[in-house]
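Chemist: Residue strings, one per chain:
There are 2 protein chains.
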Amino acid sequence: MQDRLEDVKAQVQAALQEAMAGLPSGDLADAMRYACIGGKRIRALLVMESARLFGLRDRESLPVAAAVEALHAYSLVHDDLPAMDDDDLRRGLPTVHVQWSEATAILAGDALQSLAFGLLTDPAVGSAEVRLALVHGLSEAIGARGMVWGQALDIAAETALEPLDIVAIKRLQGAKTGALIQFSATAGAVMAGEDAAPLADYAKNLGLAFQIQDDILDVTGNEEETGKRTGKDSAANKATFVSLLGLDGARDKARKLARHAEAALDPYGELAGNLRQLARFVIERDA
Amino acid sequence: MQDRLEDVKAQVQAALQEAMAGLPSGDLADAMRYACIGGKRIRALLVMESARLFGLRDRESLPVAAAVEALHAYSLVHDDLPAMDDDDLRRGLPTVHVQWSEATAILAGDALQSLAFGLLTDPAVGSAEVRLALVHGLSEAIGARGMVWGQALDIAAETALEPLDIVAIKRLQGAKTGALIQFSATAGAVMAGEDAAPLADYAKNLGLAFQIQDDILDVTGNEEETGKRTGKDSAANKATFVSLLGLDGARDKARKLARHAEAALDPYGELAGNLRQLARFVIERDA
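As you go down the protein sequences, you meet chains A and B in turn. Here the first sequence stands for residues 1 to 287, where the numbers follow this note's numbering. Here the second sequence stands for residues 1 to 287, where the numbers follow this note's numbering.
Simulated from the structure, these hints should not be mistaken for lab results. Yeah, the Cβ is synthetic: ideal placement off N, Cα and C, and Gly gets one too. It is possible that some hints are incorrect.
As the list claims (entries may be wrong) - Label pairs and their computed distance ranges (CB to CB): (1) A:PRO82 <-> B:ASP286: 43 to 49 Å; (2) B:ALA14 <-> A:SER101: 14 to 20 Å; (3) B:GLY193 <-> A:ASN222: 32 to 38 Å; (4) B:ALA287 <-> A:THR159: 33 to 39 Å; (5) B:PHE54 <-> A:PRO163: 55 to 61 Å; (6) A:ASP86 <-> B:ALA263: 33 to 39 Å; (7) A:PRO123 <-> B:ALA287: 42 to 48 Å; (8) B:ALA14 <-> A:ARG59: 39 to 45 Å; (9) B:ARG33 <-> A:ARG59: 49 to 55 Å; (10) A:LYS232 <-> B:PHE54: 50 to 56 Å; (11) B:PRO94 <-> A:GLU162: 44 to 50 Å; (12) A:GLY55 <-> B:SER127: 24 to 30 Å; (13) A:ASN222 <-> B:GLU225: 39 to 45 Å; (14) A:THR220 <-> B:ALA124: 25 to 31 Å.
Unchecked claim - Far from chain B, some chain A residues (derived; all Cβ distances over 10 Å): (15) PRO24; (16) SER114; (17) LEU120; (18) ARG131; (19) PRO198; (20) ASP266; (21) ASP286.
Claimed, not checked - To give an idea of the chain B side of the interface with chain A (calculated C-beta under 7 Å), a few residues: (22) PRO24; (23) ILE106; (24) PRO198.
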């Protein structure tokens with residue numbers, strides 16, 4: 001899987017650079033490109049591996065993979081803003097508003113969202129119906145019922161009188177990170193016009209395992225490896241899977257979820273090898 | 001035209017409310033709905049009247065009209081943020097970040113952009129090809145080559161050593177307000193699969209006339225009528241069409257542009273009556 005991930009990283013980076021080639025030069029384009037550098041590219045891998053399950057080629061799934069990464073980059077730029085999580089470090093580099101300004105960070109995020117929708121219209125992706133289904137699905141996944149709602153819940157939790165319980169945290173994370181992960185993992189089935197239910201099940205478990213590992217790394221990780229500030233959640237007295245389940249309990253839960261994610265891939269047999277490995281990688285990573 | 005505009009306003013308001021019905025309740029949904037209240041709905045009128053030129057019905061063009069108004073609302077919410085234009089009054093009401101918070105304003109704008117793209121996928125709009133063409137066109141009009149680029153130029157101009165000249169201001173406004181106006185005015189032709197060139201010509205002249213009148217109203221208007229702070233540009237020593245051409249020169253220029261806009265509609269004869277009236281309204285309005 002690591003080889004494939006490196007391959008996906010290179011393809012996505014090239015696709016994003018190409019999509020942003022010829023933008024009017026200036027801080028806006030610079031900040032957009034900067035925001036798209038690096039990252040684990042797990043969402044891109046989900047898109048391109050789910051597409052492979054159905055015999056689709058990389059050149060068909062690549063614009064979708066680039067779209068979800070542009071989208072993810074926008075969400076990080078806005079989440080890092082002073083008015084939101086107020087982070088100064090991301091992917092080992094100063095955040096966009098630190099490097100440029102708040103205004104540029106807001107605008108770069110806005111333009112990356114538009115870019116993501118534009119990428120989904122690439123004729124290489126498939127029929128007009130398929131591309132429209134992706135546009136519709138992305139709009140739902142990232143809007144006021146999905147990712148942005150999750151971020152709003154997260155912001156609201158910071159000033160709530162009581163810390164969230166496990167049900168509330170699952171709902172929050174299901175929206176904030178789960179919805180885009182689910183869109184990414186089911187994209188192949190949508191492109192192929194096949195049943196997306198097994199991939200949705202995989203994504204649900206994977207997304208939660210991913211988030212729990214993020215919470216674990218906020219406690220056990222260091223900033224050099226993660227490329228972002230750690231210890232922020234406990235400093236903010238924020239309820240996390242670790243604060244609610246304990247470190248061992250959180251690790252157990254993440255392992256269980258990763259196993260469920262792997263099991264959901266049974267219908268695809270050998271073809272899903274990389275997606276199975278990804279489920280293990282997600283809970284074993286230290287960055 | 002005023003009757004038709006009132007009719008469009010009512011239809012668009014209902015469509016936007018319906019599109020946001022059933023959102024998870026909370027500040028995010030409240031702020032999104034609040035941001036969509038009021039407004040001149042000129043972009044919606046452009047969409048629905050350009051669609052009529054080609055015999056399309058309101059129920060076909062309404063989702064597109066709602067999309068451009070959701071998009072316009074998002075752009076105002078973000079432009080009003082403290083890190084951008086720092087406005088506290090819009091459409092006669094406190095701006096979203098004043099009413100809620102900066103975080104909620106950023107997120108509400110983000111979710112309104114997603115909503116706009118989602119609205120374009122409505123099957124009522126037409127074939128999958130048509131809807132995709134609109135998604136692609138909107139992405140171009142509002143992204144890093146269009147609206148957001150224009151706002152970035154505007155922000156950059158504030159700290160530039162020299163005020164902008166007329167060429168630079170035309171480029172800025174062509175992107176910041178012109179691109180979405182052009183998308184709106186050509187939407188009908190795109191939906192009908194017809195030549196959009198005459199409407200693009202109309203929109204280019206109309207958009208510039210609209211902006212010049214905005215600059216005039218910033219000098220001559222009052223806050224009660226415009227529903228936003230006036231006198232801001234001259235206080236900020238910002239180059240505008242008025243500062244560059246003088247008040248009379250700006251009025252002359254706006255009149256000339258409105259006449260050009262009207263002339264561009266010649267191919268559509270009587271059918272374009274409302275769009276012609278709109279060109280006159282745009283330079284005669286006091287709000």
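Chemist: So, for every hint listed, does it hold in this structure?
Modeler: Outcome of the hint check:
Hint check: A:PRO82 to B:ASP286, Cβ distance near 38 Å, so the stated range 43 to 49 Å is violated. Roughly 39 Å separates the CB atoms of B:ALA14 and A:SER101, a value that falls outside the hinted 14 to 20 Å. Between B:GLY193 and A:ASN222 the C-beta distance comes to about 58 Å, which lies outside the given range of 32 to 38 Å. About 37 Å separates the C-beta atoms of B:ALA287 and A:THR159, a value consistent with the hinted range of 33 to 39 Å.
The given range of 55 to 61 Å is respected by B:PHE54 and A:PRO163, whose C-beta atoms sit roughly 57 Å from each other. The hint said 33 to 39 Å for the Cβ distance between A:ASP86 and B:ALA263, and at roughly 53 Å that hint is violated. Between A:PRO123 and B:ALA287 the C-beta distance comes to about 44 Å, which sits within the given range of 42 to 48 Å. Checking the proposed 39 to 45 Å range against B:ALA14 and A:ARG59 shows it holds: the Cβ atoms sit about 43 Å from each other.
Roughly 42 Å separates the CB atoms of B:ARG33 and A:ARG59, a value that falls outside the hinted 49 to 55 Å. Checking the proposed 50 to 56 Å range against A:LYS232 and B:PHE54 shows it holds: the Cβ atoms sit about 55 Å from each other. Taking 44 to 50 Å as the suggested C-beta distance range, the pair B:PRO94 and A:GLU162 does not conform, at roughly 30 Å. Take A:GLY55 and B:SER127: their Cβ atoms lie about 27 Å apart, and the range 24 to 30 Å holds.
A:ASN222 and B:GLU225 have their C-beta atoms about 58 Å apart, which leaves the hinted 39 to 45 Å range violated. Range check, A:THR220 to B:ALA124: Cβ separation about 52 Å, and the 25 to 31 Å hint is violated. The claim that A:PRO24 is not at the interface with chain B is violated, since a C-beta of that chain comes within 10 Å of its own (minimum 6 Å). A Cβ of chain B approaches the Cβ of A:SER114 within 10 Å, the least distance being about 4 Å, so the stated non-interface status is violated.
The beta carbon of A:LEU120 is not kept farther than 10 Å from every beta carbon of chain B, the shortest such distance being approximately 7 Å. A cut-off of 10 Å between C-beta atoms contradicts the statement that A:ARG131 is not in contact with chain B; the least separation is 6 Å. The claim that A:PRO198 is not at the interface with chain B holds, since no C-beta of that chain comes within 10 Å of its own (minimum 25 Å). No Cβ of chain B comes within 10 Å of the Cβ of A:ASP266; the nearest lies about 33 Å off, and the non-interface call holds.
Taking the minimum C-beta to C-beta distance to chain B, about 30 Å, the non-interface status of A:ASP286 holds against the 10 Å cut. Against a cut-off of 7 Å between C-beta atoms, the interface hint on B:PRO24 holds, since the closest Cβ of chain A lies about 6 Å away. The restraint placing B:ILE106 at the interface with chain A holds, with a minimum CB-CB distance near 6 Å, inside the 7 Å limit. Hint status for B:PRO198 relative to chain A: violated, with the closest Cβ pair at about 25 Å, above 7 Å.
The structure is inconsistent with the numbered hints 1, 2, 3, 6, 9, 11, 13, 14, 15, 16, 17, 18 and 24, although it conforms to all the rest.
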